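Chain by chain, the residues run as shown.
2 protein chains.
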Amino acid sequence: MKFEALTIKDIAKALNLSVSTVSKALRGSHEISGDTKKAVMAYASEHNYKPNPIAQSLKRGRSKSIGVIVCNIDNNFFSQVINGIESIAQNKDYNVIITQSQESYEREVSNSEHLSSRSVDGLIISLSAETRNVDHLVKLHQKGLPIVLFDRVTDEIHTHTVIANNYKGAYEATQHLLQQGFRRIAHITSSGSLSITLERLAGYRKALEDAGLKPDDRYIKFCQHGGMIQEETCQALEELLQLPDKPDAIFTASDRLSTTTLSQLSKRKIRIPQQIGLVGFTNSISADIFNPSLTAVVQPALEMGKLATEMLIQLIESKRPVTVFEKRILETELTIRDSSIKDGNHTNG
Amino acid sequence: MKFEALTIKDIAKALNLSVSTVSKALRGSHEISGDTKKAVMAYASEHNYKPNPIAQSLKRGRSKSIGVIVCNIDNNFFSQVINGIESIAQNKDYNVIITQSQESYEREVSNSEHLSSRSVDGLIISLSAETRNVDHLVKLHQKGLPIVLFDRVTDEIHTHTVIANNYKGAYEATQHLLQQGFRRIAHITSSGSLSITLERLAGYRKALEDAGLKPDDRYIKFCQHGGMIQEETCQALEELLQLPDKPDAIFTASDRLSTTTLSQLSKRKIRIPQQIGLVGFTNSISADIFNPSLTAVVQPALEMGKLATEMLIQLIESKRPVTVFEKRILETELTIRDSSIKDGNHTNG
DNA sequence: TTTTTTTACGAAAACGATTGCGGCAAAGAG
DNA sequence: CTCTTTGCCGCAATCGTTTTCGTAAAAAAA
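Top to bottom, those sequences are chains A and B. 1 is the number of the first residue of the first sequence in this note's numbering; add one for each residue after it. 350 is the number of the first residue of the second sequence in this note's numbering; add one for each residue after it.
Honestly, the hints are just simulated from the structure, not real lab data. Treat the numbers as computed from the prediction; the structure is a model and nothing was measured. There's no promise every hint is true.
[Stated by the list, open to error] Straight-line distance between alpha carbons at most 20 Å, and here's what the computed DMTMM-like set of lysine to aspartate or glutamate pairs gives:
id : chain 1 : residue 1 : chain 2 : residue 2
1  : B       : LYS408    : A       : ASP10
2  : B       : LYS399    : B       : ASP442
3  : B       : LYS492    : A       : GLU106
[Said to hold, decoys possible] With the Cβ distance kept under 10 Å, some of the chain A side facing chain B (calculated, not the full set):
id : residue
4  : LEU15
5  : ILE82
6  : SER263
7  : ALA287
8  : SER293
9  : GLU333
10 : ILE341
[To be verified] Over 10 Å on every C-beta distance to chain B, these chain A residues come out as not near it, computed from the model:
id : residue
11 : SER29
12 : HIS30
13 : ALA39
14 : HIS47
15 : LYS50
16 : ILE73
17 : ASP74
18 : GLU86
19 : ARG118
20 : ILE157
21 : LYS168
22 : LEU213
23 : ASP245
24 : ASP288
25 : LYS327
By construction, the Cβ of each residue, glycine as well, lies at the ideal position given by its N, Cα and C atoms.
All chains, please: the whole structure from these sequences, using the hints.
The following block contains the structure:
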């Protein structure tokens, strides 16, 4: 089954003109007479002519498409980011090609190479939890591929980045738990190689210290796969619950970790927040109907996607090499719900 | 910033061969000697030669990419479907270009035209809630663009389709509510123009009739925007609650409708399932931590995406026009949780 | 040795669009 | 009436790859 589209050649033949004349007429060149232009335009719109973008790409050396690599689309944070990416890209007539690393370094490498060999004009990426080495990206970047990093970033690539204020978000979350009277606050987080992990960990630690508490490494659990593997999260939780001084609250650092933790605590009949308080990073639109409703650090995901895309397109379309790079930090929002409010302070039934 | 890749021409020059020889050597043509092949292959892999996919597309008339149109990515059902699409596409070396209709007819039309003019090799689509007319798709299909429909389908386009067994899923959900002793079961659903709406509605009605109850239209509420506009869902719910014989249970027909309904009932301090039982179509991975945990009709979303993609690629790559079209119906699964279990029957704390 | 067949490669025309350049008219200048 | 300018258009190259066809030399058959 082939799909024969109208080409410039067809128009030329129909109007008894040369292809070059038609091409120029369509682009409104001054070297074509008004009459000819009108005739060509009329014919083109009447027959619904659309220039073949592949031919244009080949000629221009640009494909008008941008590649996106995220860990997993089935995650409210990333799907909201993609929402943002798509909205801007659509406006500027770029295609968005989405791929998932599934938190795998190997897939991240192959996806990035695949996308660049597919000649995307630029790349928006959030690193996988397994990624420790970013040579694959550095290489592409050095070859001239514009890249924008978001969320999970690295400074080994000298380019624009967009992140949430993870430090502050984590600080506020922890501080909130402290204000609620929790003292033994554990932290379940992603791989220690991720920027977000370190930033959130730092915010968590600082909040504890500012409250005169000493962070205790036994209360900090890393999940190398960022919650993609449920058993890993369960085990982290199990270890926390086995501690002699069981934590009285948990601060989880990502969407998946938050829901898994909540689910596992329920399964163990541990009452939240009475036995264990819970605050998590999450962009779930359902956090308010969780049992209990989940106090959440919400990232401006849509905004991050939009911003990253605008920055990328700016890089792509800039005439001269860009040398000054921005690091945009967007504020998170702490939405307080039942999971962190000790008895008697209930806000909502 | 331009990104100068190695071309066949460069290899030809370096090895003192012609481009045609190099091209043939790379593709392992029999008309090239073993020595030459080896030399070319060696040079190519050493210098990491990757054929320019755009040039290949232009030549072959195929872009090795498929377009996807869904209402909204930020929805567990669709993101899981996309997960499935991506996994198969990646295997078969196809790019996936994702767009969102946001339940808007206009955006669906423009996205489909844009994708086809971007010369995707095929299209996977689930219709928007606003869509009543599918001429835009029929037109593309007639021009030869392979299309696979999933979830929200139409039979005006004679092609492969993949859907869940909506009738049976709805029947089972309603039957379950009946078995739990609910009698005045309302149904909040999407636009009446969608196939899923009609199928689910039919299953709901049949279950009532089989139980000797007469379906009552006042208990059936359509949301034209499929839950994208929260106010619409709220109003539907409000109207139900204003009925003289208030429903004692609600069966919601989609992800968004289910979560919004749950959230709104909570907000109104209506106890679930004691005052109103609830069952909903949803693929939320968090349904078990909702308050209360939500009895759900779960669709095999991942499988649907995989299947749709396999079917599409089969259409794309088929040598001769395909005339026999499949309608695959995948079974849903009813996961029973607290929202539909009347007091005393609790399965889970 | 001559003729035929094979082998191995190159030239060139595509795919569809863009663009510099050259040319042929008509219009203006001298 | 000749020369230059201007307007309008076509030729041809180009992007990188694929593919058909032609052809030289080498191998096989005569």
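Per the CB criterion, is A/GLU333 less than 10 Å away from chain B? Given a least distance of 17 Å, the restraint on A/GLU333 is violated.
Closest CB of chain B to the CB of A/ARG118 still more than 10 Å away: violated (5 Å)
Using Cβ atoms only, decide whether A/ILE82 comes closer than 10 Å to chain B, and label the hint accordingly. holds (6 Å)
For A/ASP288, which was marked as not at the interface, is the minimum beta-carbon distance to chain B over 10 Å? violated (6 Å)
Given as non-interface: A/SER29, partner chain B, CB spacing beyond 10 Å: holds (22 Å)
Is the nearest Cβ of chain B still more than 10 Å from the Cβ of A/LYS168? holds (25 Å)
Restraint status (C-alpha distance of B/LYS408 to A/ASP10 at most 20 Å): holds (18 Å)
Mind verifying the non-interface call on A/HIS47? Its CB should be farther than 10 Å from each CB in chain B. holds (13 Å)
Say whether it holds or is violated: A/ILE73 keeps its Cβ farther than 10 Å from all Cβ of chain B. violated (5 Å)
Per the CB criterion, is A/SER263 less than 10 Å away from chain B? Constraint on A/SER263 satisfied, holds at 5 Å.
Restraint satisfaction for A/LEU15 [CB to CB of chain B, less than 10 Å]: Check failed: Cβ of A/LEU15 comes no nearer than 21 Å to chain B, outside 10 Å.
Tell me if A/ALA287 is really an interface residue toward chain B, meaning its C-beta lies closer than 10 Å to one of theirs. holds (9 Å)
Hints 3, 4, 9, 10, 15, 16, 17, 18, 19, 24 from the earlier list are contradicted by this structure; the remaining hints agree with it.
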